[in-house]
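Engineer: Here are the chains, one letter per residue:
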Amino acid sequence: MSTGRPTTNATEPDAAVNARDEPLADPLADPDVRLMLEVQAGSETAFRDLFRRYSGKILAYVGRMIGHGARAEELTQDVFVQVFRFRDRYRPESRLSTWIFRIATNVCLNELRRPEHRLRVDLWAHESDPDDTREVQLPDPEARSPEENAAASQLAEALRREIAALPPKQRAALLLARVDGLPYKDVAEVLGCTEGAVKALVFRATHGLKERLNGLL
Amino acid sequence: MQCTTARTMMISSLDDRTASELERRALAAHLDACAACRAEHERTHRLARALAELAPEVPVPPALEGEVLRRVRGLDGDVVTWAERLRAWLPAPVLAAGAVATILFVVVGDRDPMGEAPEPLARPRAIETPPTRVATATMRPDRAAPADTNGPVRTAQHDGDEQPPTDPPAELAATLPLLLDLPILRNMEKLENYESIEDLTRVDEPTTDEPGTSG
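Chains A and B, in that order, are what the protein sequence lines are.
If you count by the numbering used here, then the first sequence holds residues 1 to 217, one letter each, in order.
If you count by the numbering used here, then the second sequence holds residues 1 to 215, one letter each, in order.
Heads up, a few of these hints could be off.
[What the hints assert, rightly or not] Some chain A residues judged to face chain B by a derived CB distance under 8 Å, without partners named:
1) Arg48
2) Phe51
3) Gly56
4) Ala60
5) Thr76
6) Leu209
7) Leu213
[Claimed, not checked] Computed spacing ranges between beta-carbons, pair by pair:
8) Ala55(B) x Pro31(A): 21 to 29 Å
9) Arg73(B) x Pro31(A): 20 to 28 Å
10) Pro59(B) x Gln154(A): 18 to 26 Å
11) Ala28(B) x Gln154(A): 28 to 36 Å
12) Glu38(A) x Leu22(B): 42 to 50 Å
13) Ala101(B) x Pro167(A): 24 to 32 Å
14) Pro31(A) x Val106(B): 45 to 53 Å
15) Arg43(B) x Gly42(A): 48 to 56 Å
16) Gly196(A) x Phe105(B): 28 to 36 Å
17) Met1(B) x Arg114(A): 41 to 49 Å
18) Cys193(A) x Ser20(B): 20 to 28 Å
Keep in mind the hints are simulated off the structure, nothing from the lab.
Beta carbons are placed, not taken as given, at the ideal position from N, Cα and C, and that holds for glycine.
Chain B extracted, bound-state conformation (with noise of 0.2 Å):
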């Protein structure tokens, strides 16, 4: 037997309830063989007769008694709350990770309080075709693309040796409707009238000859 295992199993023999006979002997075996475990054996056994020496109880204040009755006979009609039961059976700590988690489940449990979460957008691939220019003005219905809406979208430019593509790539046909849906194009009419209600809204600014406003 190692003297690391002796020194572990000597505070094991302690209790009866924990060391085994043969452990016992064993350790016995090594004790009588090794000078340094012997004097680190006293050791053991005289914390343990220092910790039996402590009196398993205390003499009581007589007042406490009577705190306590007094305290006993004024709960009112012995009503125990379950937030009481929980606070006198869970550690504070349990009861705080609760509170922590139930708080995360709300917040983070139910991320659209709108109602389902938006299905993430597909990643368009890459357009192996050059990519085509799709002009703003096709989108808005004062300058109509040509009166075919499902026909291919027509760009302004294009190289005129090739042909355009009939069909936009099915990346970009898929992206369109976002497209349209942005809302600064929904409210481009009102930037482009911006000019116009801004003459109508401007608040005039005093000018410095004013009375009042020089430093």
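The shape of chain A in the complex, shown without the other chains (with noise of 0.2 Å):
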């Protein structure tokens, strides 16, 4: 069953690509890969363009990590600086957004280690805002019921919450492969494991999840 996330990324063409689960078989017919070749060439340009076509995704993915706020964005600039001082480590074999996204994640992992950050993630915990829809786009509130998008409202926000307490790789492989909507191949490529682990990372966070939200769902 679908898990209602799209199965074709909106920045990669139909036709030039292959299905999420398949490996690329001509690496230059990706965009992202002729974009990232020219960065590698020195191009501000085409920095600017990747800049501005992952920056949404990757602060939406530190937000989710470590807290939305000014150190997401600092950090998810950390993570951009880096794929411009690390880009002649980028092979076209792997995905531009497998790349990207685990250079995020390191940067996260790392960010998460540090001890000031607990204190900061309690805090972080009661500064929620409820009005705070960054993070959640209810699709067509008018189409519900205001009871509906109420009961809605305190899903997101609850789901936020819990997403949040979720070990790191945990939470990381969630939003990787359920939000992000990654392969779970490239997910293992991101977190540095095997499939078979990103499943069971996969399975017993949505388990977690579940049973924390129980009566919500």
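Work from the hints to combine the two standalone chains into their complex.
Structural biologist: Right under this line is the structure:
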């Protein structure tokens, strides 16, 4: 059964790229790969395009991993600075999105290991704004009754809180697979583990969320 | 199919990528028969829909792009050191574990920085013959042992009815060089002369009658 996520990335032209689970037959046919090759050649315009293409996703991902706010924006900057600094390390055999998410995940996991972040996480948990709809796009609220909208908002707020409480690797696997729609193979490459480990992480995260949100589901 | 198996498969079935057609059919058959699992299945899908409704991207503050470009332009010659490459690609715990392992290898790997580690001393077996007192007097050159130093070590005390052993037990003989080499034995002369040395070097302690020492 489908998760509801689109099966193709909006940034990838359907004709040139294989299905998401298939390896790239011709890497140069992928516009992201061509863009990255231009960045490797030193093109600032290409880097600017790359930033505009991925910054929204990375900021959303980083925000869900470590908490939204100024720190998430700082870390998002760090991610793209590292993308530029280590641009020569990118190989066209892997998807650009996988490579960038890998950098972002490492940045987030390092941040979560910092002692001061534990305090910041606690503060962030109390500072959550129920009216903050940055990360939740409810599909056409007018199509639902007010009660349904209220219930959906309450569930979304609780979901955000419980995702933040997941262990970091489970959180990363769940967000990459269920929210960002990466194939399990790519999630495994991002996290540096096997596909089987990714399935286990996603399963545990989903099961844990279901248990804690039982009253709201 | 058991309910526990079905509830595990409910999560797997969220992804077409993980559940096989056979598994989905088996799950569907169980849900037709089990009302409790049907309700659980509904909750699972409501969760999946809530996750799907999370926005994959968010609006980016306009200043963020400018700040990134400023930092990128300011990179000095774009020099990336090997340490920075390591930190970028290896999580901190891996680096920390590598550093600890390196330190342990250096410290523990070579226990004797002066050279080969000494061979462990062979534990002497139990001596079957009665222990004989090896007088230290026999070790010092000024109280020379019998001229034949290769001969048996004759002790001062022995039972007159029994002949003293002509040769020391092999185990004791093996340890003799060690006994001879003890630092305290090497410095025995110094200890014997200590009293004379002490007289020469002792500092006279002031008596309580001297001015300034009384309390």
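Engineer: So which of the earlier hints does this model not fit?
Structural biologist: Those not satisfied: there are none.
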